[in-house]
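*Asks:* Spelled out, the chains give:
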Amino acid sequence: MNIRQQIRKLQVLLDGSRRERKTHQDEMKTLLHKMKLKERRLLEEARTELDEDKLARLRTEIDMLHAQRLKGIKALKELNE
Amino acid sequence: MSRKILPPVILLILTYGLWISPDFNTICAGVAIFLFGMLSLEEGFNAFTGGTLERLLKRVTSNRWNSLGFGLISTALMQTSSLVSVIAISFLSAGLITLAAGIGIIFGANLGTTTGAWLIAGFGLKVDIARYAMPMLVFGIVLIFQPGKKFKGAGYILFGLGLLFLGIHYMKEGFDVFKDSIELARFSVSGYRGVLLFLFLGIIATVIMQSSHATLVLILTALAAQQISYENALALAIGANVGTTITAILSSLSANEAGKRLAGAHLIFNMVTASLSVALIYRLVELVDYAALQLGIAANDYTLKLAIFHSIFNLLGIVIMLPFINYLVTGLERLIPEKTLKVDQPKYLSTESAEFPETAIEAVKNETRRVFDAAIDIILIGIGSVKTGDGTGFHLDDSFTGQPLGEGFSIDEMYAKRIKTIYSAIVAFISDTEFSRRDEQSANLQWLREANMQIVEAIKDTKHLQKNLQRYLVSSNTFIRKAYNQLREQIASTIQDIHEAQREKDGVMDMLSLDALKHFIDESRDTMTKETTQLIALRKISPQMGSSLLNDIAYTHDISLNLALSAQTLIGVAERELLQAARTVSLDNNERASAPAQTLSTRIGERYTNSGAKTGEHP
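Protein chains in written order, with my numbering: chain C, 2 to 82; chain S, 54 to 672.
In isolation and in its complexed conformation, chain C is listed as follows (with noise of 0.2 angstroms):
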């Protein structure tokens, strides 16, 4: 690790915004590698599922989790300009 990568985290470090935004980063990332996992396992189940009903509900459910990944992956952007 470079002199300036050393700095950079000793300034997170000192810097309580800055703590604390990047503890915001990686909750997020937490959080949608989560809701990627979850979207998976739903895709998995619809592409068993047979009855009608439940899969109707289960696409809401996949696009749902699918919106809020994207306002995940936009609001992490925002985080990390």
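Don't read these hints as lab results, they were simulated from the structure.
Certain hints may be false.
As the list claims (entries may be wrong) - For lysine-lysine, the following BS3-like pairs were computed, each having C-alpha atoms within a straight-line distance of at most 25 angstroms:
#1 S:LYS473 to S:LYS516
#2 C:LYS37 to C:LYS23
#3 C:LYS23 to C:LYS72
#4 S:LYS473 to S:LYS520
#5 S:LYS203 to C:LYS23
#6 S:LYS558 to C:LYS30
#7 C:LYS35 to C:LYS23
#8 S:LYS470 to S:LYS513
#9 S:LYS535 to C:LYS55
#10 C:LYS35 to S:LYS558
#11 S:LYS583 to S:LYS520
#12 C:LYS78 to C:LYS39
#13 C:LYS75 to C:LYS30
#14 S:LYS558 to C:LYS55
#15 C:LYS55 to C:LYS37
#16 C:LYS55 to S:LYS583
#17 S:LYS400 to S:LYS473
#18 C:LYS39 to C:LYS75
#19 C:LYS37 to S:LYS558
#20 C:LYS55 to C:LYS35
#21 C:LYS37 to C:LYS78
#22 S:LYS470 to S:LYS400
#23 S:LYS558 to C:LYS39
#24 S:LYS470 to S:LYS516
#25 S:LYS558 to C:LYS72
#26 C:LYS30 to C:LYS72
#27 S:LYS535 to S:LYS593
#28 S:LYS202 to C:LYS23
#29 S:LYS520 to S:LYS593
#30 S:LYS513 to S:LYS440
Guided by the hints, dock chain S onto chain C, whose structure is given.
*Replies:* Frame of chain C; chain S shown alone:
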């Protein structure tokens, strides 16, 4: 009565003592400075109780050994068993820890407090600690004047330690000079008569000073100056241990039943330990002599031997009482039962639970949970549902006519009995909580306040809906009957979905999954509104029926949505991890409405509903 008489009597005795003896002045000033140091130390540690200590306490109290360890280590580090006891009572009152865990912490704190005697006997009385006190006081004050909570906290701790050292120094000096004028050792009483007399004096001194630590320092300094005999000092130390329970008892007076039980456990533990120590005092003295020999402590180093005795008799109490914790819990639960009142009262909101941000949030969350559960019961009764045999589920009663099921089952009465008092207490508690303006805690408390308002709104809407349920569920028009039954089904299905989400235990993902439920609720409202306008157009129902139905569709929508929103808050606040991120990605009304169109619905629709092809990859 005694509370009114005791302070002036003590003041009179003190004034007389201070008048006749300048050395007594020094000792009393030492005690006063020491006590003020303890206050300052507590103030300092309080500044650090905004999260770390609470999180640690929540994690480590999973079993009795962990609780014991937490009590021991935290008291040894902070040198105040009172603060640890108060934290334990607060956590228990807020429902964060079990009574058994609370008892474990108290046991540990009792052992942890003995480290104080070791420090004073081994260090405080052997070196000139006043020299260390001065820089501590100076740096402490400098830090206290700094902006920032943590700096202030560290300043108070340093300043408090400085005062403790200075207090010990003055007490030591006072006793050293005092022995030249009055030989207190002349009043020592030997045998069991002396043990009981000095035990009583130890209790009184600790009750007055409300700090066993201060009493112990006084005993140690007097012993070091040979103003009291070793045997009497041991009895005084036992008395100090009994007297210290007064802090926990006083703090539990305003606590709920759980807090009172813990204070009771503290009293029982210290009484049992004291009784055993008095009964076995001469055997324990032999044990102390043996331990001192093994540790290389001189036979005439009575202050260190007193520290050994203090540790041994507290350890003895723990060894004897620990196996009986479960019996103690059962006994105390019987002795101090939960009050059964006609009107539901708050169980977790108390001055103790308002002490720390974490306990305050937990207490409000637990009360909100009760309000939520009561609201679900009321709404289910309001829409005519019947609980299943095992009590865990419910189904809609087909013969329901919308009438209250019996006396006391009107929504107003049930609201007054089960919710109103708790709801009012929650609102008052949040308004009164000092730290309610701090960022994270404040946000959580505001969400919980909103959740309560949403729950109450849902009950009010149910009351409005019930009027027309009574009217139209017995109508001869099958269309309107069917429509009102659909409204009941909509609410029941929402509650079912909420229960399922709460059962999942998948943290904030459950909270986010309720966004889909909110979407279903919106969709259901739109579909039912369309169907109603068709029924009016086809003259299947009268326009009056139609307008009532449209209003009630809106009420049903609001009931379902408010329940979903409050459930989201309850799940989110319970699972504090990732909460901020989850709230960021949660969808609002417009986002929910546009979500399917902009994302997957069309593609998935083609893939799964029309062709049935199940090979496509999700983008």
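*Asks:* Does each hint fit the structure? Answer for all of them.
*Replies:* So, going through the hints one by one against the coordinates:
no.: 1; hint: S:LYS473 to S:LYS516; verdict: holds, 15 angstroms
no.: 2; hint: C:LYS37 to C:LYS23; verdict: holds, 21 angstroms
no.: 3; hint: C:LYS23 to C:LYS72; verdict: holds, 18 angstroms
no.: 4; hint: S:LYS473 to S:LYS520; verdict: holds, 21 angstroms
no.: 5; hint: S:LYS203 to C:LYS23; verdict: holds, 21 angstroms
no.: 6; hint: S:LYS558 to C:LYS30; verdict: holds, 21 angstroms
no.: 7; hint: C:LYS35 to C:LYS23; verdict: holds, 18 angstroms
no.: 8; hint: S:LYS470 to S:LYS513; verdict: holds, 15 angstroms
no.: 9; hint: S:LYS535 to C:LYS55; verdict: holds, 23 angstroms
no.: 10; hint: C:LYS35 to S:LYS558; verdict: holds, 14 angstroms
no.: 11; hint: S:LYS583 to S:LYS520; verdict: holds, 23 angstroms
no.: 12; hint: C:LYS78 to C:LYS39; verdict: holds, 21 angstroms
no.: 13; hint: C:LYS75 to C:LYS30; verdict: holds, 12 angstroms
no.: 14; hint: S:LYS558 to C:LYS55; verdict: holds, 22 angstroms
no.: 15; hint: C:LYS55 to C:LYS37; verdict: holds, 21 angstroms
no.: 16; hint: C:LYS55 to S:LYS583; verdict: holds, 23 angstroms
no.: 17; hint: S:LYS400 to S:LYS473; verdict: holds, 14 angstroms
no.: 18; hint: C:LYS39 to C:LYS75; verdict: holds, 19 angstroms
no.: 19; hint: C:LYS37 to S:LYS558; verdict: holds, 18 angstroms
no.: 20; hint: C:LYS55 to C:LYS35; verdict: holds, 23 angstroms
no.: 21; hint: C:LYS37 to C:LYS78; verdict: holds, 17 angstroms
no.: 22; hint: S:LYS470 to S:LYS400; verdict: holds, 15 angstroms
no.: 23; hint: S:LYS558 to C:LYS39; verdict: holds, 14 angstroms
no.: 24; hint: S:LYS470 to S:LYS516; verdict: holds, 15 angstroms
no.: 25; hint: S:LYS558 to C:LYS72; verdict: holds, 24 angstroms
no.: 26; hint: C:LYS30 to C:LYS72; verdict: holds, 12 angstroms
no.: 27; hint: S:LYS535 to S:LYS593; verdict: holds, 12 angstroms
no.: 28; hint: S:LYS202 to C:LYS23; verdict: holds, 22 angstroms
no.: 29; hint: S:LYS520 to S:LYS593; verdict: holds, 22 angstroms
no.: 30; hint: S:LYS513 to S:LYS440; verdict: holds, 22 angstroms
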